[in-house]
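With the hints as a guide, bring the two chains together.
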Amino acid sequence: MRRVYVVSGGVSKFSKARPDKTFQAVVKEAYDYAIRDLDLTFEQFTELVDGSVASYFSDHFQRQLMSGIMAQDYLGLCPKPSHRVEGGGATGGLCFQEAWKSVASGDMDVCVAYGFETMSHVNTWKGNEFIALASDVSFDYPVGGFYSGYYAMMVTRHMKEFGTTVEQMAHVSVKNHINAYHNPYAQKRHRYTIEDVRSAPMVAWPLTRLDICVMSDGAAAVIFCSEEGLAKLEQASGKRYPRVYVESIGRGTDAMRMSDRPHQTFDEFMAKNALAIERDSMATSAYYKDLWDRGFRYPGVHSFRAGRMASKQAYERAGVVDPLHEIDFVELHDAYTSSELQTYEDMGLCRYGEGGPFATSGKTFMPGIDYGLNLPEPPLCAVNPSGGLIACGHPVGATGLMQGVFALWQLQGTVKKHFNDDKLQIAHAERGAIHSHAGTGTYVTVSLLRKEA
Amino acid sequence: MPDHDEPKLPRKIEETDDGQTVFNVPFPRTLDEAALQMLKNMGPIIFKQPYQIDYIHSYGQDSPFFAGLANGVFLGNRDPGSGYTYATPRGHDMYSGTETEWVVLPGEGTIHAFTVCHFGSEEFLPQTPFVLILVEFEGVDTLFLSRLVGVDPNAASLDWIGMKVEARYLRNSKLKPTDVYFMPAGDNA
Numbered sequence: 364m365r366r367v368y369v370v371s372g373g374v375s376k377f378s379k380a381r382p383d384k385t386f387q388a389v390v391k392e393a394y395d396y397a398i399r400d401l402d403l404t405f406e407q408f409t410e411l412v413d414g415s416v417a418s419y420f421s422d423h424f425q426r427q428l429m430s431g432i433m434a435q436d437y438l439g440l441c442p443k444p445s446h447r448v449e450g451g452g453a454t455g456g457l458c459f460q461e462a463w464k465s466v467a468s469g470d471m472d473v474c475v476a477y478g479f480e481t482m483s484h485v486n487t488w489k490g491n492e493f494i495a496l497a498s499d500v501s502f503d504y505p506v507g508g509f510y511s512g513y514y515a516m517m518v519t520r521h522m523k524e525f526g527t528t529v530e531q532m533a534h535v536s537v538k539n540h541i542n543a544y545h546n547p548y549a550q551k552r553h554r555y556t557i558e559d560v561r562s563a564p565m566v567a568w569p570l571t572r573l574d575i576c577v578m579s580d581g582a583a584a585v586i587f588c589s590e591e592g593l594a595k596l597e598q599a600s601g602k603r604y605p606r607v608y609v610e611s612i613g614r615g616t617d618a619m620r621m622s623d624r625p626h627q628t629f630d631e632f633m634a635k636n637a638l639a640i641e642r643d644s645m646a647t648s649a650y651y652k653d654l655w656d657r658g659f660r661y662p663g664v665h666s667f668r669a670g671r672m673a674s675k676q677a678y679e680r681a682g683v684v685d686p687l688h689e690i691d692f693v694e695l696h697d698a699y700t701s702s703e704l705q706t707y708e709d710m711g712l713c714r715y716g717e718g719g720p721f722a723t724s725g726k727t728f729m730p731g732i733d734y735g736l737n738l739p740e741p742p743l744c745a746v747n748p749s750g751g752l753i754a755c756g757h758p759v760g761a762t763g764l765m766q767g768v769f770a771l772w773q774l775q776g777t778v779k780k781h782f783n784d785d786k787l788q789i790a791h792a793e794r795g796a797i798h799s800h801a802g803t804g805t806y807v808t809v810s811l812l813r814k815e816a
Numbered sequence: 115m116p117d118h119d120e121p122k123l124p125r126k127i128e129e130t131d132d133g134q135t136v137f138n139v140p141f142p143r144t145l146d147e148a149a150l151q152m153l154k155n156m157g158p159i160i161f162k163q164p165y166q167i168d169y170i171h172s173y174g175q176d177s178p179f180f181a182g183l184a185n186g187v188f189l190g191n192r193d194p195g196s197g198y199t200y201a202t203p204r205g206h207d208m209y210s211g212t213e214t215e216w217v218v219l220p221g222e223g224t225i226h227a228f229t230v231c232h233f234g235s236e237e238f239l240p241q242t243p244f245v246l247i248l249v250e251f252e253g254v255d256t257l258f259l260s261r262l263v264g265v266d267p268n269a270a271s272l273d274w275i276g277m278k279v280e281a282r283y284l285r286n287s288k289l290k291p292t293d294v295y296f297m298p299a300g301d302n303a
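Chains A and B supply the protein sequences, listed in that same order. Position 72 of the first sequence, counted from 1, bears residue number 435 in my numbering, the numbering being contiguous throughout. Position 142 of the second sequence, counted from 1, bears residue number 256 in my numbering, the numbering being contiguous throughout.
Chain B with its partners taken away, still in its complex shape (with noise of 0.2 Å):
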């Protein structure tokens, strides 16, 4: 005889109604062969499967330009050689290999090129229509992607290329790089 009770081990899955339950899906009540040729007539079973997660997501090197953002200062990179400056950071330079250093950029630029979204990706959907910008700087020679605010959305025109743009900051950051945005220069309104 054991010397302790045996444990008690379950002997179903205990069903619960939370998450997806079906009650019924139709299907033949007897299946004989012409049940059973029957099933290649029977359409998809289609439902929703939800997936959702958080990412952990660092932005190694180039965070001092996120922290830079969160105070109100514009942040580029610079080879160190060459003096080749990116508006948007990047901690090698792409000719030499060399590590970049960290320079201030103006604040004011040119519009490069634009676009109006009437439509986006879902979670830009709430926000149409928006303006998206490539920035360009003086004597900076890569390109910063933006948003333009204070231009209407609906009289897009070519003629916003060249348009002097200044850069606006958000009062408290998101650690985005829409922490930054632009708008038309002089515009104080």
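Bound-form chain A, shown alone (with noise of 0.2 Å):
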């Protein structure tokens, strides 16, 4: 596998309805971003650029199939070569994944991955029960299929083995939120407080609205390159540009119904699941030992299986050993607060069980910002410093790749240039990681970016 460089991208302001425009135009907001933001004309680029990935989730939604080649005909990219993916809400994981690969495997030298999704034009309730027909329509959707009701079935068990609570979660909210607010591309930019998230009407026990992402209209792309495909682009530009480039992909899947996911032995998951720290760590061995002996089965619906297999295969191939240590920041998929607490357990940010403590530790907040909170400790890892699903909005094709942009934007150190604020800006980023998460956790992404030394 060759060494795959991300060079640009760029993200349409996440809006809930863009009437103004077809889908296809606001894919061409962000691609022409990330072109400008080379230096390229669009000719340039069109002439360099040897294929593309597209990323949408749902045909449901403009009742529209083939949209990926929609876009590809109206940024101007036929006839080069290029296929959609869809893996629901980890489609744009997938998709920044797939362009890696086209790029790593020597079948293109410079390929963009562009997603999109546009939600509104059915109402929220309509927009949900499509989301739903991603479950099992056979024995899932019939009973009351409802994405929100799922994930609050799954913290339910969490707070009862771990007693985890509504404020812990409420903590991942405010902070995404307020991270949010310094962000022009996110869709809610509110300063709210513990209070508001509790008060905030029930959605489905205990999740409120403020728990819960919202739908979207948006897009996203991301361009990659090889050492080749950059030497092009940079001769072209007459620009040299910052070195980032992807340093590992992990994926991992589970079980379609959550009443399938098995309930492993501490044995099974030590040798299948552990993380290398956790292995080796007689605390830790012990720490689980005790969770088995009072009942606890993996994963069982409380637990990502597949982010935690995503996390493992990325940080074995990048040779990560202390996740929380040696990663500077996530922009992780926090469709739910509660799935933000449960992925910093499946991402070895700590141990399975303590990410309700993990949540308000501070650990996860950004430095600088006052989120009105009594934070124990200091910021160590920032999770979602661009405010995440909760507050940038949900296009599912395109959230995934926008992860992928926010996270570049980080590691080169231009978060100012392109927010026209630099509170977000996390000084000295290294590493960053991306996770891209599909309903209750069937399919999960995650990749690792690098600033080259």
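Please keep in mind that the hints were generated in silico from the structure rather than gathered at the bench. Be a bit skeptical, because a hint or two may be false.
[Said to hold, decoys possible] Where chain B lies over chain A, by a calculated footprint (3+ residues, C-beta under 8 Å):
no. : region
1   : 475-489
2   : 516-522
3   : 612-624
4   : 735-748
[Stated by the list, open to error] Derived DMTMM-like pairs (lysine to aspartate or glutamate); straight-line CA-CA distance at most 20 Å:
no. : chain 1 : residue 1 : chain 2 : residue 2
5   : A       : K523      : B       : D273
6   : B       : K288      : A       : D499
7   : B       : K162      : A       : D422
8   : A       : K523      : B       : E236
9   : A       : K726      : A       : E815
10  : A       : K489      : A       : D499
11  : A       : K814      : A       : E591
12  : A       : K489      : B       : D131
13  : B       : K154      : A       : E793
14  : B       : K162      : B       : E236
[Unchecked claim] Short, incomplete list of chain A residues facing chain B, as computed with Cβ under 7 Å:
no. : residue
15  : D383
16  : R426
17  : L428
18  : E492
19  : M565
20  : W568
We put the CB at the ideal spot given by N, CA and C, even for glycine.
Structure, rendered in structure tokens:
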């Protein structure tokens, strides 16, 4: 596999609805921004790009199949190679990785990944119905298909197993919304309090409206290249671009129906799912042994095994042993505050069962921002510095690529240029992780991005 | 001369008033340069486009489960080798790849996880608030997603987890997994 650089990206401003443009024209906003940021003309880039990967989740939302080729066509990329990827909420993350593969494999020197979703063409509850069709239509959907309900069930089990509280989850909402206050691309920019989150209308107990991301219209684009591709782009622009590359990728999956998720033994977990740092620590092994002695089983419905396996694969390929101390920031799939907290555990930022206290520790918050909270510990590894899905919005096919763009800007040190505000710039960021997740943890991708030394 | 009359071919598409019919859309009366330029400032046309379809859905190898529910029997699947038992039907075991066999499951279980949906997908919105549960059964390795009745949806509590529940069946099947639902055990009211 060749080294693959991420050189540019663009994001449309996510919003509730974009009736002013068709989806192809919204994709073009993100695409043109990424080209402009390379200091290239449209014609120059079109000449140099070898192909693309398109990302969108649902044909239902627009009653339009083959939207991928419609974007390809509108962007002027025909007749270059392309394909569309789909994997629920992880669609954008999968697209990011497929574009990486196109370059890493030697198939392309320059590849653009673009993604979009147009969710405003149906009302919110019909939209929830479409999304719920991503659950088994024989056994899950007819019982009351509603993803917020599914995630709420998963977290009630987490609360029962570990004593996780709604206030701990609300910390995630406060953090991500206040981060987004400084991100002009975000859909929701509000300074909420824990009380605001808890007093918002209850959607699926115990998740309130402020524990859950919103539907959006939006698009994002990321440009990948090989060493040779980079040389061609730089020759055309006469510029030298900051060196940020994809250090590794990882993916995992789990059973479609939550009811089918295994309840593994301690030995199975340690052999198949534990991270090196967990296996090598006597204290952590003992901690887990005690959990199992008290009836804990893995992954059950409280943990995302796919997220753990994606992280494990990405870490092992990059040689990351202690993710909390070796990764400077994480953009993760917080469709729900509960899933951010559960993902801390899957990604090994804390141990299984400790996501609640970890959420309130302060370690995942940004330095220099006043959250109006009493946080016992200083920031260590910012999680969702952009505001995440909860505040930025979740136009499904664009989301995982949006994370890639924000991670790139962090590692380039160009947040101020793109946001007109440097509040969210993490100083000296060397390595970032992006994490994309499909319904109830069926497909999960983790990609590590790194600044070249 | 042709030996038959020329067919009378339609010269226009007949216009009707059904479906979406628009009688006037504002537009510049004259299309000069300035008017063409001004079209860029026009707001988007937005309208409603209905779509409705009936699917022919087959339960395939899972069909006996639904036939069971229609007859008040709760069926699951078991791997013949390992005995691994699924509360939600599955034609082949995920570990051995072997075709599973049908077994009758106990009608009583305990709540493993739950939520109360105060909102929902459009189809289920009129039923809110409703309670979703994942049920676990003694000797069964996987769970079953179902509805719970007989608890106050406005008094949700983590204490519901672990509650013993028993299966109830619709009198007349609707051929859906909701043909079975659960009540707190021993609640015969």
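- Item | Hint check against the structure, violated hint numbers in rising order | 4, 8, 9, 12, 13, 17
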